[in-house]
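Each chain is listed here by its residues.
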Amino acid sequence: MSTINPTTPNLEQTEPAPLTRAPSAGRGRFRRTPLTWARHGGLSTLLFLLPLLLVFGAFSWYPIVRLVLMAFQHTNLVQPATWVGFQNFSEVIHDPLFPIAVKNTAEFAGLALVFGYPVPLAVAVLISEVRKRRGLYSALAYLPVVVPPVVAVLLWKFFYDAGPSGVFNTMLHWVGIGPQPWIQSENTAMPSLVLESTWANAGGTVIIYLAALTGVNAELYEAASVDGAGLWKKIAHVTLPQMRTILLVTLILQIIGTAQVFLEPYLFTSGGPDNATITVLLLIYNYAFGNSLGASYGEAAALSLMLVAFLALFSLIYLRATRSWSTG
Amino acid sequence: MSALQFRSKRGQRSEETPQGLVSFTDWNRRSVKYGLGTAQAALLVLLVVVGLGPVLWLAKAAITPTQDTLIHPMAVFPHGTAWSNVSDAWSQVDIGLYLWNTIAIAFGSWVCQIIVATTGAYALSVLRPKWGNLIMAALLTTLFVPTVVLLVPLYIEIVHPPLIGGTYVDSYWAIWLPEAASAFNVVLMKRFFDNLPHEIFEAARIDGCGKVRLFLSIVLPMSKPILAVVSIFVVLASWKDFLWPLLVLTDTSLQPLSVRLPAIQGQTELGVFLAAMLIACLVPIIGFLFLQRRVLRGTGLSGALKG
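Going line by line, the protein sequences match chains A and G. Counting with the working numbering, you get residues 83 to 410 for the letters of the first sequence. Counting with the working numbering, you get residues 107 to 413 for the letters of the second sequence.
Keep in mind that the hints were calculated from the coordinates and are not lab data. Incorrect hints may appear among the rest.
To be verified - In the DSSO-like style, the derived pairs of lysine-lysine whose C-alpha atoms are separated by at most 27 Å in a straight line are:
hint, chain 1, residue 1, chain 2, residue 2
1, G, Lys-346, A, Lys-239
2, A, Lys-185, A, Lys-239
3, G, Lys-139, A, Lys-214
4, A, Lys-315, G, Lys-139
5, G, Lys-330, A, Lys-239
6, G, Lys-330, G, Lys-166
7, A, Lys-315, A, Lys-214
8, G, Lys-346, G, Lys-330
Please model the complete structure; the sequences and the hints are all you need to start from.
In structure tokens:
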């Protein structure tokens, strides 16, 4: 993630000289009046930036500030907001659903890592060595990603039918396994959600790994071959170390993404059975929009803020902990 | 990892010459040849079953009578086909209208996002104002705030917009404009502009080319590859979006397919419902088949950006 930062020295060198009409030596030496600023092209530059500034101001920067303020307020959209200090936070923390949602989200993220992290890597390594029709492999792997998530979830909901004539249960019957309850049991609901989510998302990771694999310097493989390294040794000592940066990045991105899981629990189970699949984001949604007794926007904002803060802290610790490994 | 570097790296290894992990000598070894060959054949079968299987099943079930799908879900047309499902989806559940809504939302999102990303990236990369780095830093910060956690403040902003007043619930602008605030698009676009040959811009400027003309007749035409990639992502993301349209579009006649499908599930016959689902995913799938190469390259590119 470090290369996103535009101030890394590597990128600074490639950045071209500024293309403004103002003589760069004159900058800052004389006091610039609005008129000279406009004459030197400042106005037209500002006009080009205007769509970006307006849209991000209104729909990104302002809502971020508003979120922080709302977390410390009581808002019901009718009366003016009142400051309540940390009351929203304490209400969220004392909500009996809060620890359940945190546990479920952690379970989803953990299971998604177990199911979804090694599989795309293995698939990508295998595809990268296909000699003919590599495009067909990639396209097949990516196909589930273009299926709209709502369609995917509703389709899998039908596949997960718990009766003996459900699609998956019919297939299990072929291999002699009895019908499973899938999303209708507390124990199997979460793994079922993760399975669908992995199906829907793994293709994107496969393609990212494939791109990274083609970037591995072929000379390293040759050198390893000359030194007598076999296939497995080459994977362990060339492929994986060469891909460590992208592997570390996809790992943290996957954790951040799965920590925000909403669609699957919302459409599959609405958080059930018996709150077994209620997640943090579903809880936020319920606070703000799912409460028939009146929306508690303050609590939703407080929980959102806690989620962002946690993810930011987690990413920071993660980046610190893996820094030496990813760049060394 | 810039766009151009990325492409040159791809060029180093073509499909026909396996100089990578498995060398020619490896391929000539029996164990590797058969072991890897078998693994790859198994992978192909697995990818067909797992990747294509559910979609094929949906296509089959969409034209199968409801009772057959319920009782024998894995049988292929035990009692003939029911093409009426598809026509019923058009006539009974108004799929045509929702499909049109989805297209309108995707098109508007595309226009807004392309305008914001290209003009913004042009200003930040080519014109480079003094306070450009500050704006860039503010943009990058938003990458670390997931959009879903902004749902509540954004929703309140749409219901009760500050300064301008009124309400924008049930207006497509409530979807088009917030989606345009995508720092990812701007960063992707700026990276590409940064790698364009700036000598050309300098030459054009000396020849008296203004900023607007430089943008429209030089920078944009040179940026077709990245414009295609961003366009595909924008349209696909808009087609997939569910939660935000659900919140801001309360009028059912304005809602897109993704919002309507879960809502109509209860009162629609299964066969007709599956046909409706097929229609909903047909457009992105056909689009993907046509633009396969660009989509896959773009996905790899976005991964390179994340790295």
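Tested hints:
| no. | hint | verdict |
| --- | --- | --- |
| 1 | G:Lys-346 <-> A:Lys-239 | 18 Å, holds |
| 2 | A:Lys-185 <-> A:Lys-239 | 23 Å, holds |
| 3 | G:Lys-139 <-> A:Lys-214 | 14 Å, holds |
| 4 | A:Lys-315 <-> G:Lys-139 | 17 Å, holds |
| 5 | G:Lys-330 <-> A:Lys-239 | 40 Å, violated |
| 6 | G:Lys-330 <-> G:Lys-166 | 38 Å, violated |
| 7 | A:Lys-315 <-> A:Lys-214 | 25 Å, holds |
| 8 | G:Lys-346 <-> G:Lys-330 | 24 Å, holds |
When held up to the earlier numbered hints, the structure conflicts with 5, 6 and fits the remainder.
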